[in-house]
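With the sequences and hints as input, model every part of the structure.
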Amino acid sequence: MKNDGSPVTGQPTANDPGQKDARGESFLLKSAESTKHAEQKLTKTDNARITEGQGAGRLPNVQGPQIKIEPPVTSATKITGERKID
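When you number the sequence shown by the working numbering, it's gap-free, plus one each residue, and the end is 116.
None of these hints come from the bench; they were simulated from the model.
Since the model is a prediction, treat every value here as computed from it, not as a measurement.
Using N, Cα and C, we set each Cβ at its ideal position, and we do this for glycine too.
Worth double-checking, as some hints may not be accurate.
[As the list claims (entries may be wrong)] Derived DEER-like restraints, expressed as beta-carbon distance ranges:
1. L72 <-> G94: 20 to 28 Å
2. E63 <-> G83: 32 to 40 Å
3. D34 <-> S64: 51 to 59 Å
4. Q93 <-> A62: 40 to 48 Å
5. K98 <-> L59: 49 to 57 Å
6. L59 <-> E82: 41 to 49 Å
7. G35 <-> E55: 24 to 32 Å
[Claimed, not checked] Calculated pairs, SDA-like style, for lysine to any residue (alpha carbon to alpha carbon, straight line, at most 25 Å):
8. K98 <-> I109
9. K98 <-> K71
10. K98 <-> E112
11. K71 <-> S61
If you want it as structure tokens, here you go:
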């Protein structure tokens, strides 16, 4: 079924009448190259303070005050069989 245009005015309903279809390898390559202007290369300014990374799960050394985070529990109490929790 061919689309002859608008049933009211008869004008073409496409946005680009008379243009060829964007098919083929050359069109795909052109579209892949045209996305380079849309890339974002953002830098996080907080990372400028890092002087040395410590690895996964550890805070890095930074310029300024060195913050030490202590573990929430330093010792544990062992509950033996004679002691019951109510």
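Pairwise beta carbon distance, D34 to S64, judged against the given window 51 to 59 Å: violated (32 Å)
Could one say that the CB atoms of G35 and E55 fall in the range 24 to 32 Å? holds (31 Å)
Does the beta carbon distance between L59 and E82 stay inside 41 to 49 Å, or does it fall outside? Because 44 Å falls inside the window, the suggested range holds.
Straight-line alpha-carbon gap K98 to E112, limit 25 Å: This hinted pair is violated, its Cα atoms lying about 39 Å apart.
Look at the Cβ atoms of K98 and L59 and judge whether their distance stays inside 49 to 57 Å. Holds - the Cβ-Cβ distance for K98 and L59, about 54 Å, lies within 49 to 57 Å.
Range first: 40 to 48 Å. Now tell me if the beta carbons of Q93 and A62 are that far apart. holds (41 Å)
Holds or violated: K98 and I109, Cα atoms, limit 25 Å. With Cα atoms ~31 Å apart, K98 and I109 exceed 25 Å; violated.
Could you see if the CB distance from E63 to G83 stays within 32 to 40 Å? holds (35 Å)
Outcome of range test on Cβ distance (L72, G94; 20 to 28 Å): Cβ of L72 to Cβ of G94: about 23 Å, so the range 20 to 28 Å holds.
Has the given pair, K98 with K71, been kept, meaning a C-alpha gap of at most 25 Å? violated (32 Å)
Is the Cα-Cα distance between K71 and S61 25 Å or less? holds (20 Å)
Comparing the model with each numbered hint stated earlier shows that hints 3, 8, 9 and 10 do not hold.
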